[in-house]
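These protein sequences, in sequence, are chains A and B.
If you use the working numbering, the first sequence corresponds to residues 1 to 603, in order.
If you use the working numbering, the second sequence corresponds to residues 604 to 972, in order.
Incorrect hints may have been included.
[Claimed, not checked] BS3-like mimics (lysine-lysine), calculated; alpha carbons at most 25 Å apart, straight line:
1) A:K518 <-> A:K584
2) A:K565 <-> B:K956
3) A:K181 <-> A:K5
4) B:K947 <-> B:K927
5) A:K573 <-> B:K663
6) B:K780 <-> A:K556
7) A:K518 <-> A:K573
8) B:K626 <-> B:K745
9) B:K844 <-> B:K745
10) B:K626 <-> A:K565
11) B:K663 <-> B:K844
12) B:K956 <-> A:K556
13) A:K567 <-> A:K556
14) A:K556 <-> A:K520
15) B:K844 <-> A:K556
16) B:K750 <-> B:K717
17) A:K580 <-> A:K520
18) A:K573 <-> A:K584
19) A:K584 <-> B:K947
20) A:K293 <-> A:K266
21) B:K682 <-> A:K556
22) B:K659 <-> A:K556
23) A:K461 <-> A:K408
24) A:K379 <-> A:K295
25) A:K584 <-> B:K956
26) A:K181 <-> A:K167
27) A:K556 <-> B:K745
[As the list claims (entries may be wrong)] Now the stretches of chain A that chain B is said to cover, found in silico as 3 or more residues with beta-carbon under 8 Å:
28) 516-528
29) 557-567
Since the hints were derived computationally from the structure, they do not count as laboratory data.
Here a beta-carbon is modelled for each residue, glycine too, at the ideal position from N, C-alpha and C.
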Amino acid sequence: MTNQKNIRNFCIIAHIDHGKSTLADRLLESTGTIASRDMKAQILDSLALERERGITIKLVPVRMNYESDDGNKYILNLIDTPGHVDFAYEVSRSLAACEGALLVVDASQGVEAQTVANAYQAIEQGLEILPVINKIDLPSARPDNAKQEISDVVGLDAGDAVLTSAKTGEGVHEILERIVKDIPAPAGDPDSPLQALIFDSVYDNYRGVICYVRVINGRIRAGQNIMFMSNGITYPVNEAGVFKPSFTPVEELSAGEVGYITASIKTLAEAQVGDTITDALNPAPEALPGYKKVKSVVFCGFYPVERDNYPQLRDALEKLCLNDSAVTYEPESSEALGFGFRCGFLGLLHMDVVRERLREEYGVELVATAPNVIYEVVKSSGEIIEAHRPSDFPDASEIVEIREPYIKLSVFMPSEFTGRVMQLVQDKRGTYKSMDYITPERVRLVYEMPLSEFIVDFHDKLKSQTRGYASLDYELIGLRASELVRVDILVNGEAADAFSFVCHKDQAYNRGHAVVTKLKELIPSQLFEIPIQASIGRRVIVRVNVRALRKDVLAKCYGGDITRKRKLLEKQKEGKKRMKQIGKVSIPQEAFLAFMQVDSGEK
Amino acid sequence: MRVMQAKTKTYGLYVHVPFCERKCRYCSFYSVADHESVIDSYLDALEIQSRRLESKLPLKTLYIGGGTPSVLNLSQWHKLISIINKYFDTSCLTEATTEANPNSITHEHISFLKDNNISRVSLGIQSINDYELTVLGRVHDKTQALKAMELVNDSGLNLSCDLIFAIPGQTLRTWDKSLRTVMDYASHISTYQLTLEPDTPLAREFTNEELNSQGYALYRYSQYILPRHNFIQYEISSFAKENHECVHNLSYWNHDNIIALGPSAVGYIDGIRYSNPRTLNEYFSAAMNNFQDESFTHEELSPHERAIELAILSLRTRYGINRKDLLPEIERVLDSMPDDLFIKTPERISLSKRGMRLGNAIWSELIDL
Chain A
1 MTNQKNIRNF CIIAHIDHGK STLADRLLES TGTIASRDMK AQILDSLALE RERGITIKLV
61 PVRMNYESDD GNKYILNLID TPGHVDFAYE VSRSLAACEG ALLVVDASQG VEAQTVANAY
121 QAIEQGLEIL PVINKIDLPS ARPDNAKQEI SDVVGLDAGD AVLTSAKTGE GVHEILERIV
181 KDIPAPAGDP DSPLQALIFD SVYDNYRGVI CYVRVINGRI RAGQNIMFMS NGITYPVNEA
241 GVFKPSFTPV EELSAGEVGY ITASIKTLAE AQVGDTITDA LNPAPEALPG YKKVKSVVFC
301 GFYPVERDNY PQLRDALEKL CLNDSAVTYE PESSEALGFG FRCGFLGLLH MDVVRERLRE
361 EYGVELVATA PNVIYEVVKS SGEIIEAHRP SDFPDASEIV EIREPYIKLS VFMPSEFTGR
421 VMQLVQDKRG TYKSMDYITP ERVRLVYEMP LSEFIVDFHD KLKSQTRGYA SLDYELIGLR
481 ASELVRVDIL VNGEAADAFS FVCHKDQAYN RGHAVVTKLK ELIPSQLFEI PIQASIGRRV
541 IVRVNVRALR KDVLAKCYGG DITRKRKLLE KQKEGKKRMK QIGKVSIPQE AFLAFMQVDS
601 GEK
Chain B
604 MRVMQAKTKT YGLYVHVPFC ERKCRYCSFY SVADHESVID SYLDALEIQS RRLESKLPLK
664 TLYIGGGTPS VLNLSQWHKL ISIINKYFDT SCLTEATTEA NPNSITHEHI SFLKDNNISR
724 VSLGIQSIND YELTVLGRVH DKTQALKAME LVNDSGLNLS CDLIFAIPGQ TLRTWDKSLR
784 TVMDYASHIS TYQLTLEPDT PLAREFTNEE LNSQGYALYR YSQYILPRHN FIQYEISSFA
844 KENHECVHNL SYWNHDNIIA LGPSAVGYID GIRYSNPRTL NEYFSAAMNN FQDESFTHEE
904 LSPHERAIEL AILSLRTRYG INRKDLLPEI ERVLDSMPDD LFIKTPERIS LSKRGMRLGN
964 AIWSELIDL
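In isolation and in its complexed conformation, chain B is listed as follows (with noise of 0.2 Å):
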C-alpha cells in the first residue's frame, strides 16, 4: 500500500503555438500559416495571460505544443522561456518537453532548448516513408525525420516521436519500418490513427470508416512490436521505455491541474475546465481587454460526471482505476462486459490490449451512466 503523499499543489503547463509553416493536409488544429509579424503580438499577448494568473505558481511539468513551436526563431524562444521564468515557479519542474518539426529544428535550437532546462523533445516524424508524408501533407521528408532524430539524440534530451497510422497507402511493411526506425532513436512513441477531421483536404478523399478497417491491423501490430522492444503500453496511443512515460499527458488522465496558455489551449483547474480565446485574433483581443473572464469558456463538470470523466480517462491508462475510486453503476458496467476486456485485480481495474483497442465501444457504456 501506496503511503499518500501530501498534496502539495503543482501544475502542469501547457502553451500552444499557434504558427506551422504549412498546415498539414489531416490537421485540425487551430494554426496560421502566415505568421512571421505576429509572433512577437503573439508572446506579448501571452505574457499578459501569464501576468494575470497567480504569480509563481510551483511547475511540475512544461509542455509547449502547437502548431510548430520550432517555428519560433531563437529571440522568439528566448522570450517565451524567460515568460515561463517569470511568472511561474519553475524550480520543482521534472518534465519540460516542447514539440518540433524535423525540418525546421536546427542544432542551435536544440543547444538553447538544452541550456533551458528542456528535457524532452517531441518530433512529428509521423512517418519515415516519403509517400506517406506526402499523403499527409508534412513539410519534412525521411531525410529530414533522420537527421531531426539524431540531433535531438545527440544533445542528450529524451526524444518522443509521433507516428500515424491508417494513412492511405500505409501498409503492415510500411508501418513495421517507421516503427523500427523511431525505435532506434526514440525513448517514448505515441502513435496515432489518422482520423479524418471535417473540412480538412485529406476528409475529402477518404472516410474515417475506410480507414479505420485499415487501422485495426497497424494498431495491434505496435501493441505486439513495441514491448518486445521495451516500449510498454502505458496509455491507448502512447508507448515508452521504462520511466519515459510523459508525466505532463498522464495529468490529463489523472485530471490534475493544468494552466494553459495561447489561443484555443485548454486548461483544468480544480475540477473547472477552460479554454483559452480560439483564434489569434480573439486572443489578441481578449489581451487588450487584460484577459478578463469572460474570455474564457468554462466548463464545470459535476462531481457525478468528473467521477464518470475520471473512469473513462484513468481507463486510457495501463494503470486503470482504483475499485475503490469507481462509481457502483460504473463497476457494475465494467463487469458486465466481456472478460477479454479487462485486466482485473481485487483493487484495479484496467484495459487488457484488447481493451485498448475497443476503448471508445466501452467508454460508450459509461458516458451517461
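One chain only, chain A, in its complex shape (with noise of 0.2 Å):
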C-alpha cells in the first residue's frame, strides 16, 4: 500500500530536441530503475520512427522509486506529454494527471514555441513548474541567457532553474530532490467514488486496450466492474499495475496513483484519451472535467502503390485504427491512383506517424495525396456542408458563405530573419497579430492564418527561409468566413475534376495559371490542340493551349519491319491505355500525380 503522500506525479515539457529522451533515461538509470547494461539509447522512446527522427512524441509512462536525501522512499511517475502540436489535447490530458512538470529548455537554443504553449497550458492546469537548463556541458551553453528567456518569455522566476546536463548526468540527482521537495504530492480521497482519468490507451493484440489512468479519487482492482463515463459501457477489470516501466500488476491503484488497467477492451474508440472510468455499482456523480472527442483537422487520400493491395491497406488501417483512434479513414477513388482511403488526422506529424506506422509495423507501402482541410459551406438554403473536396462545393450561385479553419501562429525565431518570415507569412494570407522581442536577438511573431495555407509547405518554407532556426507553435482557433472560390480546370471544355481546387478568390489567377501550366507540360501533344482552361464558375481566368501534334517518328515498313511496327504500336497503345480519357483527351497518370503532389513517403 503505497502512501500517497509520498508520490510525486510529473512530466517533462521540451522542445523536440532538446534532450527529453535522454534526460528521462538519466532519471531511471539513478533511480536503478534500469540498470545501466539493460539501457539501450533512449529507451521510452516507442516508435521507431521517434528513433529515427531523432525526436520523441511521447515517452512511455514509468514508474521509479526514489530514496531521497532525507532517507524518506517516494514513488515517482513520468508522465510524458507529446511534444507536438498535434497532439496538443493529448497534452491537456497527460498535463491532468500531474502535479508538476520539468520544464526543460536548452543552454544554447533558448526558449522554443512549443515550449511556451505547453508550459502555458502546464500552469493554466495549476502544475508546479521546475525549470532545467540542459545540455550545459556544450560549448556553445549559455544557461544564464536561458534561464533569462524562461522568465522574459513564459514568465516564471527560473532564478533557482536546474543546470543540468542529461548527457553527462550532471544535476540529475538535483533534479530528483527537487521533484521530491517542490511538487506537491497528489490530493484525493482513496474512500471516494472511483474517478481514474485515461491520458492514454494503447492496444495489444493479446490483452485489447490498455488504458494508462491516473487514479484521482477512489480504488480500482482486478475484478471490479467499471464504466467509461463518457459512453457508459461497462466492463470487468482483468489486470491492474504499474508502470516498470515494464507492465507489471498489482493488487490495487488507489488515488494518486499512475498506473495501467485492462478489461478485455476490444477497440480503442470504447476506451478514449480524456475519459473518467468510475466503478460501475457505485459511480462518481460526475465525470472528471475536459473529455473531448478529438477531430480530426488534417485530410490527405492514401492509397496503395500497387493497386492490388488496397485490402492490404483497408485491413492495415482498421488494425491500426484500434490503437489510434484518433485516425479517421474512409474510402474513395482517384482517376491517377485507383482505390484508397481518405484519412483524417490531428495534424501534420499525426500524418507522417500513422503513414510511418502503416509502413513498419504492418508492411504498407503507400502513396499519400498532398493534406488538405475540410471546408464549411452556407448555401443559400440556410443548410451549411462540410466539402472535404472541391468536388464536393455547391454551385457558386448557391454558396453564401465558406469557413475555413485558422490557426494562431507563433514563430520564434532570430530577429535578423524577421522581415523574411513576416514576408512568408503574409503570403500565406496570415494576419499580422503581434511581434515581441525575447531577448535583443530573438523575435516572437503572432500571425492568424488558415490551416489550408500553413499544412502545405509552410513549415519546410519557413526552415528554409530561416536556415532551420526558427520554431513555430500552433493552436487551432476555429472556423473563420473567408473569401474562396472554387477554380474548375476545363481540358479541351470538359471539366476535369481531379484538377479542380479551392483557394482565396486573390490566388485564384495565379494557381490557375500554374496548374493550367503544368498541365501544358504533361499533356503530350494529341491529333488536335486542345485549350486547357481555369475558370470560376462560367468565367475562364487563364487559357493555354496543348498544340497538336505536329508529326511522329515514321519509319520506313517494308517485309518484316510490319510486325515490329505492329507491336511497337501495341506497346504504345498499352501505354496509352493508363492514360485517363476526358472527353477526347488522353491524359497521363503522371498529370495527376503531380497535381496531388503526391509522394510515397521517401523524405
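Hints given; two lone chains; assemble the complex.
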C-alpha cells in the first residue's frame, strides 16, 4: 500500500530536440529503475519513427522508486506529454494526470515556441513548474541567457533552475531532489467513488486495450466492474498494474497513483483519452472535466503503391485504428491512383506517424496525396455542409459563405529573419497579431492564418527562410469566413474534376495559371489542339493550348518492319491505356500525380 | 468502277543479301562485314531454300536488297540470277530492283544487271553532303554518289534514291540540296527519317526525341518540294514520278504474296507472315537440314487482326482504303478524328499530307480495336 504523500506525478515539457528522452533515461538510471546495462539509448521512445528522426512524440510512462537524501522513500511517476502541437489535446490530458512538470530548456537554444505553449497549459492546469536548463556541457551553452528567456518569455522565475547535462549526468540528482521537494503530493480521496482519468490508451494484440490511468479518487483493482463515463460501457477489470517500465500487475491502484488497467476492451474508441473511469456499481456523480472527442483537422488520401494491395491497406488501417482512435478513414477513389482511403489526422506530424506505422508495423507501401482541410459551406438554403474536396462544393450561386479552419501561429526566431518570415506568412494569407523581442536577438511573431495554407509547405519554407533557426507553434482557433472560390480546370472544354481546387479569390489567377501551365507540360500533344482553361464558375481566368501533334517518328515499313511496327504500336497503345480519357483527350497518370503532389514517403 | 481482274496468283520475291563493306552507324539490319569466303556458301544456301519451294512460281516483282547486294562480284551475281531464273517463272516479271551502294557499283555491274532483266536500281545515296555522310558512317562520299547516279542514268535503268533526313547537323538548306540533286537523276525517291535503333553507334550519341523534333520541318519540306517537281507522294516515305511507283513495295502494303529468300528476310504468303533464320549461321544450319518448317518463324494473323493491319498499311499509301473493306469499328474511329488528317470521298479514305505526318498517332488508335 503506497502512502499517497510519498507519490510524485510529473511530466517533462521540452522542445523537440532539447533532450527530453536522454534526461528521462538518466532519471531511470539514477533511480535504479533500469540497470545501465539494460539501457538501450533512449529506452522510452517507442516508435521507430521517433528514434529515426531523433524526436520523441510520446514517452512510455514509468514508475520509479527513489530514496531521497533525507531517507524518505518516494514513488515518482513520469508521465510524458507528446512534444508536438498535433497532440495538444493529449498534452492537456497528460498534464491533468500530474501535479508538476519539468520545463526543460536547451542551454544554447533557449526557449522555443512549443515549449511556451505547453508550459502555459501546465500553468493553466495548476501544475508546479520546475525549470531545468539542459545541455550545459556544450561549449555553446549560455545557461544564464536561457534562464533569462524563461523568465522573459514564459514569465516564470527561473533563478533557481536546475542546471543539468543529461548527457554527463550532472544535475540529475538535484532534479530528483527538487521533484520530491517542490512538486506537491497528489490530493484525492481513496475512499470516494472511483474517478480515474485515461491519459493514454494503447492496443495490445493479446490483452485488448490497455488504459493508462491516473486515479484521482477512489480505488481500482482486478475483478472490479468499471464504467466509461462518456459512453456508459462497462467492463470487468482483468488486471491493474504499474509501469516499471514494463507492465507489472499490482493488487490495487488508489487515489494519486498512476498505472494501467486491462479489461478485454476491443477497440480504442471505447476507451478514449480524456474519458473518466468509474465504478459501475458505485459511480461517481460526475466525470472529470475536460473530456472531448478529438476531431481530425488535416486530411489526405492514402493509396496502395500497387493497386492490388488495396485489401492489405484496408486491413492495416483497420488494425491501426484499434490503437489510434484519432485516425479517421473512409474509402475514396482517384482517377490516377485507383482505390484508397481519405484519412483524417490531428495534424501533419500525426499524418506522418500514421504513414510510418503503416509501413513499419504493417508492411504497407503507400502513396499519400497532398494534405487538405475541411471547409464549411453555408448554402443559400441555410443548410451548412462540410466540403472535403472541391467536388463537394455546391454551385457558386448557391454559396452564401465558405468558412475555413484558422490557426494562431507563433514563430520564434533570430531577429534577422523577421522580414522574411513576415513576408512568408503574409504570402500565406496570414494576419499580423503581434511581435515582441524575447531577447534583443530573438523575436516572437504571432499571426493568424488559414490552416490550409499552413499544411501545404509552410514548415519547409519557414525552415529554409530561417536556415532552420525558427521554431513554431500553432493552435486551432476555429472556422472563419474566407473569400474562397473553387477553380475548375477544363481540358478541351470538359471539366476535369481531379484538377479543380479551392483557394482564396486573390490567388485564383496565379494558382490557376500554375495548374494549366503544368498540365500543358504534362499532357502530350495529340491529334488536335487542346485548350486548357481555369475557370471560376463560368468565367475563364486562364487559358493555354496544348499544340496539336505535328509529326511522329515515321519509319519505313516493309516486310519484317510490319510486325515490328505493329508490336511497337501495341506497346504504345498499352501506355495509352494507362492514360485517363477526359472527353477526347488522353491524360497521363503523371499529370494527376503531379497535381496531387503525392509523395510515397521517401524523404 | 474498276473491273475486277481475275486473280492469277503471282508473287513478289525478296532476296536479302546480308553483306556490307562496313556497317553504317545507324543500321540495325542484319548484315555482316567479313564476307568474302561466305558469299559462295550463302548462294548455295539460297539455292537450297529456293529448291524447297514449289517450282516455278510466277513472279510479278523482284527485289534484291540488303545489306549491300552490290558487294557481290560478277560471277556471284551470275549465280544469284541463275538461281532465280532456275527456280522461278520470271516471264511475267514487271519490275526487278536491286539495291546498290554508290561506292561499290561499277559499269560492269550495271551492264550485267541490264542484260539480266533488272529494271530498277535503288541507290543508298542518303545525303549529298559529305559531313552528313560521315555522321551516318557511310562508306561513300558526294562525288561517288553523283557518279553512281550518272552511271545508272546512262544505262537507262530506272533509278530510285534513298535519302535520310533528321541527320544530326542537317539543315533545311542541306536537305533541300540533297533533294534537288537526286531529283535530277531519279524517278523515285524514298525519304527516311533517321531512326535510332537501340545498340547502334549513333543511338549512343543522340536520342530519337532530339532527331524527331528536327524531322518535322524537313519532312514537311519534302512534302512541299517534291510534288512541285512531279514526284507524287504515294506513300509515307515514297515519292515517285508518274508510273514509277515501286510495285514491289506496294505489295507489302496490299498484303500481296511475297516470297523471302536469305537470312532474316520476311515473306507473306496467304495471310501467314514468315521469317527466315536470322543470322547467316542459323541460315546455314537450316540449309543443312534442307529448311524444315521449324527453321522459320511464322505469324498467322486472325482475319480481324489482318483487317486492322491491312487498314493501317493501306492508309500509308495515297490510295488509302475502300470504305467497303473497312471494319465498322475502324471507320468509326477514323471518322471521330479531326478531318484535316484525311481525304475522304464517299468510297475511300486516305491520309492528307498532315495525316501522313501523324501516321503513328492515327494507327495507334486502330491497333487493337
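Holds or violated: K461 of chain A and K408 of chain A, Cα atoms, limit 25 Å. holds, 18 Å
Claimed coverage, the segment 557-567 of chain A by chain B - three or more beta carbons nearer than 8 Å: holds (count 7)
For the pair supplied as a hint, K682 of chain B and K556 of chain A, is the alpha-carbon distance within the 25 Å limit? violated, 30 Å
For a C-alpha distance cap of 25 Å, please report whether K844 of chain B and K556 of chain A respect it. holds, 19 Å
Hint check: K663 of chain B vs K844 of chain B, CA-CA at most 25 Å. Holds or violated? Roughly 21 Å between the alpha carbons, so the hint for K663 of chain B and K844 of chain B holds.
Please verify whether K556 of chain A and K520 of chain A have alpha carbons no more than 25 Å apart. violated, 31 Å
Starting from K573 of chain A, check that the Cα of K584 of chain A is at most 25 Å away, please. Answer holds: K573 of chain A to K584 of chain A is near 15 Å, not above 25 Å.
Holds or violated: K565 of chain A and K956 of chain B, Cα atoms, limit 25 Å. Judged against 25 Å, a Cα distance of about 21 Å means the pair holds.
Next pair to validate is K947 of chain B with K927 of chain B; report whether the Cα-Cα distance is within 25 Å. holds, 13 Å
25 Å limit on alpha-carbon distance, applied to hinted pair K956 of chain B and K556 of chain A: Answer holds: K956 of chain B to K556 of chain A is near 17 Å, not above 25 Å.
With a cut-off of 25 Å on the C-alpha distance, tell me whether K518 of chain A and K573 of chain A pass. holds, 24 Å
Hint consistency between K293 of chain A and K266 of chain A [alpha-carbon to alpha-carbon, up to 25 Å]: holds, 18 Å
Violated hints, listed in ascending order, are 5, 14, 21, 22; each of the other numbered hints is respected by the structure.
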